[in-house]
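Participant: What follows is the residue order along each chain.
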Amino acid sequence: MFSRILVSALFAGFLAGLIAALLQLVFVQPVLLHAELYESGALNHFGDDAAANGAGGAAAAIPGVDLERDGLSVLFTALTYTGFAFLLVAAMALAEDRGFRITVRQGLVWGVAGFVAFQLAPALGAPPELPGSAAAEIGPRQIWWFGTVGATAAGLALVAFARSWALRGVAALLLLAPHLIGAPHPDEFFGPAPPELASLFAARSLGTGLAAWSLLGLLAAYFWLREGKRTEGMARVV
Amino acid sequence: MTAQIQSRTGISAKLAAIALSAFIGLAIVTLAGHVQTAALHDAAHDSRHAMGFPCH
Chain A
1 MFSRILVSAL FAGFLAGLIA ALLQLVFVQP VLLHAELYES GALNHFGDDA
51 AANGAGGAAA AIPGVDLERD GLSVLFTALT YTGFAFLLVA AMALAEDRGF
101 RITVRQGLVW GVAGFVAFQL APALGAPPEL PGSAAAEIGP RQIWWFGTVG
151 ATAAGLALVA FARSWALRGV AALLLLAPHL IGAPHPDEFF GPAPPELASL
201 FAARSLGTGL AAWSLLGLLA AYFWLREGKR TEGMARVV
Chain B
1 MTAQIQSRTG ISAKLAAIAL SAFIGLAIVT LAGHVQTAAL HDAAHDSRHA
51 MGFPCH
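Which chain is which? The protein sequence lines are A and B, in order.
Residue numbers for the first sequence follow the numbering used here, so the first one is 1 and each next one is one higher.
Residue numbers for the second sequence follow the numbering used here, so the first one is 1 and each next one is one higher.
By construction, these hints were calculated from the structure, which means they are not laboratory data.
This structure is a prediction, so every number in the text was calculated from the model and none was measured.
Careful: at least some of the hints might be erroneous.
[What the hints assert, rightly or not] Chain B stretches covered by chain A per the calculated footprint, using a threshold of three residues with CB under 8 Å from any CB of chain A: (1) 21-27; (2) 39-46.
[Said to hold, decoys possible] The following label-pair restraints were derived from C-beta to C-beta distances: (3) B:T30 <-> A:P195: 26 to 36 Å; (4) B:S12 <-> A:D66: 44 to 54 Å; (5) B:D42 <-> A:K229: 39 to 49 Å; (6) A:E196 <-> B:T30: 31 to 41 Å; (7) A:R69 <-> B:A27: 17 to 27 Å.
Just so you know, even glycine gets a beta-carbon here, dropped at the ideal spot from N, CA and C.
Only chain A is shown next, with the shape it has when bound in the complex (with noise of 0.2 Å):
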């Protein structure tokens, strides 16, 4: 059961999270060097000079390729998806065993759901940040995310497996809560970026977690079925 598990969250999560790293490069890395100009002082999009504002012609050239730090970067977006995989293919091996059919269609609502959980609920309160952004302490932002990525997920199994009303109102509350509690928030706001790049950022980030979750979902169940009908077949051989 395990090397099972193991197998498919390597494969699913290392595919998805390399496709997410291009994906990151090409869309959102761009915004976020753009904001990093403005958050070093290169760019100024107070005041009158419009050189120095940077929307069409910048003063400040956006950088290019860095080897070293999007290597880096596709290291670590790989390794975090591959951790993404082993929750996804770890949930969907307790559904398996409580009776529920695996499919690789069904996969699609997988990663779908383990979008919501991990980044579209989280940033309904934290929305993803430029660089540069004002932000409150970050350890009670970390524990908010934390507890709103557990309520939702837990939310949303229930949505689709409980059987009962009660437990039905139980989701709905759990799917609320973190949103009725509230992130934390700064006491003021200092950004200096401005926020047309700050919301194409956090549209950016979205969208493309959206799409690798997807296929994050779709590799998951295709491999965990896949391995599942390789390890039938050397049991069926002994």
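Using the hints, position chain B against chain A.
Facilitator: Structure of chain B alone, referenced to chain A:
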């Protein structure tokens, strides 16, 4: 009797494998996304921002 014991260990071994996998996944996500030591934070910086983890 023996069959019952075997099926019970079978079930608990399954659940142990599932729990271990979930623990590994959580550990990886915590390490890559949340631990704030300087080296890890700097190396994972861009990917943390891109995936919406609280970073600074």
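Participant: Does each hint hold? Answer for all of them.
Facilitator: Consistency of the hints with the structure:
1. 21-27: holds (count 6)
2. 39-46: Per the Cβ count (4), the hint holds.
3. B:T30 <-> A:P195: 26 to 36 Å: Holds, at about 31 Å.
4. B:S12 <-> A:D66: 44 to 54 Å: Holds, since S12 of chain B and D66 of chain A (Cβ atoms, about 49 Å apart) stay within the stated range.
5. B:D42 <-> A:K229: 39 to 49 Å: holds, 43 Å
6. A:E196 <-> B:T30: 31 to 41 Å: holds, 33 Å
7. A:R69 <-> B:A27: 17 to 27 Å: Given range 17 to 27 Å: holds, Cβ gap about 25 Å.
Figure legend: structure checked against the earlier numbered hints; every hint is met.
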